[in-house]
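K.L.:
Following the hints, put chain B with the ligand in place on chain A, whose structure we already have.
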Amino acid sequence: MRDVSIIGIGQVEVGEHWDKSLRELGYYALNAAMRDACIQHIDSLYVGNMLSGELTGQEHIGSIIADFAGLRGVEAVKIEAACGSGAAALRMGYIAVAGGMSDFVACMGVEKMTDRQGNTVTSALAMAADGDYEALHGLSFVSINALLMRRYMHEHGYTKDDFAPFAINAHANAVNNPYAMFHNPITRKQFTESKMIADPVSLLDSSPIADGAACVILAPTAIAREFTEKPVRVRASAIATDSVAVHDRRDPLFLEGGAISAQKAYSAAGVGPADMDLFEVHDAFTIMSALSLEAAGFASRGKGVALAQEGQIMPGGRIPITTMGGLKARGHPVGATGMYQLVELATQLRGEAGKSQLANARLGMAQNIGGSGATVVTTILESSF
Amino acid sequence: MEVARFWRTTGQRYQLTGEICPNCGNKIFPPRDVCPTCEHEAKTAYTFSGKGEVYSYSTIHAAPEGFEKYVPYTVALVRLQEGPLITAQLTDVDTHEVKVGMPVEMVTRVLREDGERGMLVYGYKFRPAVASPR
Ligand SMILES: [Zn+2]
Numbered sequence: 003m004r005d006v007s008i009i010g011i012g013q014v015e016v017g018e019h020w021d022k023s024l025r026e027l028g029y030y031a032l033n034a035a036m037r038d039a040c041i042q043h044i045d046s047l048y049v050g051n052m053l054s055g056e057l058t059g060q061e062h063i064g065s066i067i068a069d070f071a072g073l074r075g076v077e078a079v080k081i082e083a084a085c086g087s088g089a090a091a092l093r094m095g096y097i098a099v100a101g102g103m104s105d106f107v108a109c110m111g112v113e114k115m116t117d118r119q120g121n122t123v124t125s126a127l128a129m130a131a132d133g134d135y136e137a138l139h140g141l142s143f144v145s146i147n148a149l150l151m152r153r154y155m156h157e158h159g160y161t162k163d164d165f166a167p168f169a170i171n172a173h174a175n176a177v178n179n180p181y182a183m184f185h186n187p188i189t190r191k192q193f194t195e196s197k198m199i200a201d202p203v204s205l206l207d208s209s210p211i212a213d214g215a216a217c218v219i220l221a222p223t224a225i226a227r228e229f230t231e232k233p234v235r236v237r238a239s240a241i242a243t244d245s246v247a248v249h250d251r252r253d254p255l256f257l258e259g260g261a262i263s264a265q266k267a268y269s270a271a272g273v274g275p276a277d278m279d280l281f282e283v284h285d286a287f288t289i290m291s292a293l294s295l296e297a298a299g300f301a302s303r304g305k306g307v308a309l310a311q312e313g314q315i316m317p318g319g320r321i322p323i324t325t326m327g328g329l330k331a332r333g334h335p336v337g338a339t340g341m342y343q344l345v346e347l348a349t350q351l352r353g354e355a356g357k358s359q360l361a362n363a364r365l366g367m368a369q370n371i372g373g374s375g376a377t378v379v380t381t382i383l384e385s386s387f
Numbered sequence: 018m019e020v021a022r023f024w025r026t027t028g029q030r031y032q033l034t035g036e037i038c039p040n041c042g043n044k045i046f047p048p049r050d051v052c053p054t055c056e057h058e059a060k061t062a063y064t065f066s067g068k069g070e071v072y073s074y075s076t077i078h079a080a081p082e083g084f085e086k087y088v089p090y091t092v093a094l095v096r097l098q099e100g101p102l103i104t105a106q107l108t109d110v111d112t113h114e115v116k117v118g119m120p121v122e123m124v125t126r127v128l129r130e131d132g133e134r135g136m137l138v139y140g141y142k143f144r145p146a147v148a149s150p151r
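Just so you know, the sequences run in chain order A and B. Residue numbers for the first sequence follow the working numbering, so the first one is 3 and each next one is one higher. Residue numbers for the second sequence follow the working numbering, so the first one is 18 and each next one is one higher.
Bound conformation, chain A alone:
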């Protein structure tokens, strides 16, 4: 197996791009990543995306984007794993380069959501839940997370306001990220007073839908230095699954898929949670941050919220999370989100995060979650310069 590195990164601003199509967004991110890596050619393109068919009426977007980008003829496919599609695309590229099948692989995440109305998007997203046994009963992703959050509060003795530090930290960290959707810090008072969507989940517990695209270029580490002064090694990339429906889980408050994929990644890289300088968490809702921190071993059961309350998730804390804004404040273009996490992680590890730069960022991890935990992708990256 070959060692694999990221030699280029690219992204577009997350937001409402009413003037840009899905293929344009994808092309801009791909082009930016290829320029960053100083390459004109790739062997294959893996496009992470969840809802192109449902929301834009276009499937088959691997070849659509390849053709639009002037790469007609190249191997290109779409990878779908709900909100985990972005990092799943990286996993496919990693397999291709590590296995010696391809040398230069572009891994992309792209999503176009804002052309459609809110309830249409809500229903489309609910397709990542169990259609016959969750969505048929009127559940959306917000309400599924609300069920988890209520039970978590009940079992571990927290109030709704105890989740505020996750949202406050995310918004504070997005202020200096030029690609983030929001640049406004929020206060505890704003969090407490924010509008209820599905009790106990309020607007400021939730990440916003958006358009976006992000991309990385992978190559064998042995030749990475020929293309960049700052290669970032992929130390591990692992996917694990769990039941799609929350009611089928052995314990709804434990993300088994998160634990399994983190353990696979730790053992592949020969490291543990204590070695991490930062963790890009999948904060689609505040409760998911807590559950992911616990599944990945950064906090024990029921202590994910306590870790946030102690300030340990902020820059300078024991394990900084959502360092460029996270899903909450950078925005959550679902199938692109996992790739934004990786582009941001690589930006920190390259020391290029500007005012968002952490002091010591050499080894970092991202966890990208599909649905309410049915697909979890864990990626570990390391500076190698």
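Simulated pairs of lysine-lysine, DSS-like, Cα-Cα distance not exceeding 27 Å:
(1) A:K305 / A:K266
(2) A:K357 / A:K232
(3) B:K44 / B:K60
(4) B:K116 / A:K162
(5) A:K197 / B:K86
(6) A:K162 / A:K305
(7) A:K191 / A:K162
(8) A:K162 / A:K197
(9) B:K116 / B:K86
(10) A:K305 / B:K116
(11) B:K44 / B:K68
(12) A:K197 / B:K116
Derived from the structure by calculation, the hints contain no laboratory data. These numbers come from a predicted model, not from an experiment.
P.N.:
Here is chain B with the ligand on its own, set in the frame of chain A:
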């Protein structure tokens, strides 16, 4: 909802018919043909009592497509007496009175209508358990 899909799952939605694992005795809902505990094939039908208690709940103010007119409505995870958790709406209850641990029982109600001339989809919901002499 497509007619065939609706028809396939009537036993589950009208009577809470799931399965029992012939190997480990695990009671399974929704039916899935392979026991998630011991991985043995489990195709023996088993009908649940419909009694359980609220494990968690939430009231929805922003509904997915097709559910807008029911807003606000309350959804729950219910722990059935026989073991499994089930996702369903609560009915015949004041939202403010719902609590974790509240005893509930299954009733059959309309889940959704597919438009003016579309199909009515019936299925299980749960209401506060009516106290009965034991
Ligand atoms: Zn069994």
